[in-house]
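A.B. asks: Sequence:
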Amino acid sequence: MIVIAAYSHKGGTGKSTALMALASAIEARGQSALLVDCDPQRNFNMYRLQAEEIGCWSDRMEVRYLDFEATGVAHLESDLMAAEDSGRFDYALLNLAGVDHPFNRMALRYAELTLLPFKPAATELAELGPALEVIRGLEREGEIGAARVLFTMMRPKLTSAASAYRDAALDGFPVMETRLRDTAIFADIVMRGLLGRTLAMMEAQASGLEKMQVKRLREALDDCRALLAEMDSVLLNARLAT
Numbered sequence: 006m007i008v009i010a011a012y013s014h015k016g017g018t019g020k021s022t023a024l025m026a027l028a029s030a031i032e033a034r035g036q037s038a039l040l041v042d043c044d045p046q047r048n049f050n051m052y053r054l055q056a057e058e059i060g061c062w063s064d065r066m067e068v069r070y071l072d073f074e075a076t077g078v079a080h081l082e083s084d085l086m087a088a089e090d091s092g093r094f095d096y097a098l099l100n101l102a103g104v105d106h107p108f109n110r111m112a113l114r115y116a117e118l119t120l121l122p123f124k125p126a127a128t129e130l131a132e133l134g135p136a137l138e139v140i141r142g143l144e145r146e147g148e149i150g151a152a153r154v155l156f157t158m159m160r161p162k163l164t165s166a167a168s169a170y171r172d173a174a175l176d177g178f179p180v181m182e183t184r185l186r187d188t189a190i191f192a193d194i195v196m197r198g199l200l201g202r203t204l205a206m207m208e209a210q211a212s213g214l215e216k217m218q219v220k221r222l223r224e225a226l227d228d229c230r231a232l233l234a235e236m237d238s239v240l241l242n243a244r245l246a247t
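Heads up: the sequence shown at position 99 corresponds to 104 in this note's numbering, and the numbers run straight through without jumps.
Think of the hints as simulated: they come from the structure by calculation, not from any bench.
Heads up, a few of these hints could be off.
[Claimed, not checked] Capping the alpha-carbon separation at 20 Å, the derived lysine to aspartate or glutamate pairs in EDC-like fashion look like this:
hint: 1; residue 1: K15; residue 2: E132
hint: 2; residue 1: K220; residue 2: D187
hint: 3; residue 1: K220; residue 2: D176
hint: 4; residue 1: K15; residue 2: E138
hint: 5; residue 1: K216; residue 2: D237
hint: 6; residue 1: K220; residue 2: E208
hint: 7; residue 1: K15; residue 2: D72
The task is simple: from the sequences and hints, build the whole structure.
C.D. replies: Here is the structure:
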């Protein structure tokens with residue numbers, strides 16, 4: 006079982022969106038995932054409930070909630086070990102709360118890959134740097150797997166100011182080539198269900214303007230698959246390097 010974490014020091018960076026995108030790609034590939042929500046907003050649970058309501062959820066996905074302020078890291082470790090021993094899951098996706106907290110720092114040690122979602126904007130810049138420093142510190146201690154910044158809510162072209170914010174914040178930190186675009190699908194992915202299932206349901210009966218929606222869903226699912234494929238490549242390269 007491959008453990009992936011999404012980490013930041015603030016909310017609204019796209020952690021839940023990135024992991025829901027991965028969940029859609031994992032399900033579309035015919036694989037399974039344990040979605041562990043450590044964020045009090047419990048977006049994974051909302052995602053599951055909405056998807057079940059529209060008939061676009063899968064029994065290959067399971068959602069669990071761990072309150073990061075009330076749960077010891079030993080509980081997380083126990084849950085992850087039990088999930089791996091069960092043989093039911095190909096991936097575990099950890100949605101960490103958007104704060105700098107000891108629980109998060111410990112949880113990162115269980116991830117083979119940590120994604121740091123980042124929207125290139127001045128309001129996001131102040132929090133990315135400290136998060137990257139946490140990752141760099143864990144890397145120096147040999148306590149973390151691979152880590153990559155993931156650009157989210159990306160527009161087709163960045164302004165010169167946004168590019169400057171991005172470059173200043175990254176300071177040479179590795180970045181995923183795949184980016185989550187600023188589209189209506191990703192903006193409310195929590196309401197869309199697992200995209201492969203939603204797409205299959207809509208394709209069979211789409212007409213008129215619904216066909217445009219099907220096209221957008223297909224493009225979004227392609228982006229999800231590209232993110233998962235790149236993630237697998239990053240992990241493979243990391244294993245070969247050790």
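A.B. asks: Does the structure keep K220 and D176 at a Cα separation of 20 Å or less?
C.D. replies: Given pair K220, D176 is violated - Cα atoms ~37 Å apart, limit 20 Å.
A.B. asks: With the threshold set at 20 Å, check whether the alpha-carbon distance from K216 to D237 stays at or below it.
C.D. replies: violated (32 Å)
A.B. asks: Can the restraint linking K15 and E132 be considered satisfied, given a maximum Cα separation of 20 Å?
C.D. replies: It holds: about 7 Å lies between the C-alpha atoms, which stays within 20 Å.
A.B. asks: Has the given pair, K220 with E208, been kept, meaning a C-alpha gap of at most 20 Å?
C.D. replies: This hinted pair holds, its Cα atoms lying about 9 Å apart.
A.B. asks: Hey, K15 versus E138, does the alpha-carbon distance stay inside 20 Å?
C.D. replies: holds (15 Å)
A.B. asks: Is the straight-line distance between the alpha-carbon of K15 and that of D72 20 Å or less?
C.D. replies: holds (16 Å)
A.B. asks: Are the Cα positions of K220 and D187 separated by 20 Å at most?
C.D. replies: holds (16 Å)
Of the numbered hints given earlier, the model fails hints 3 and 5; all others are met.
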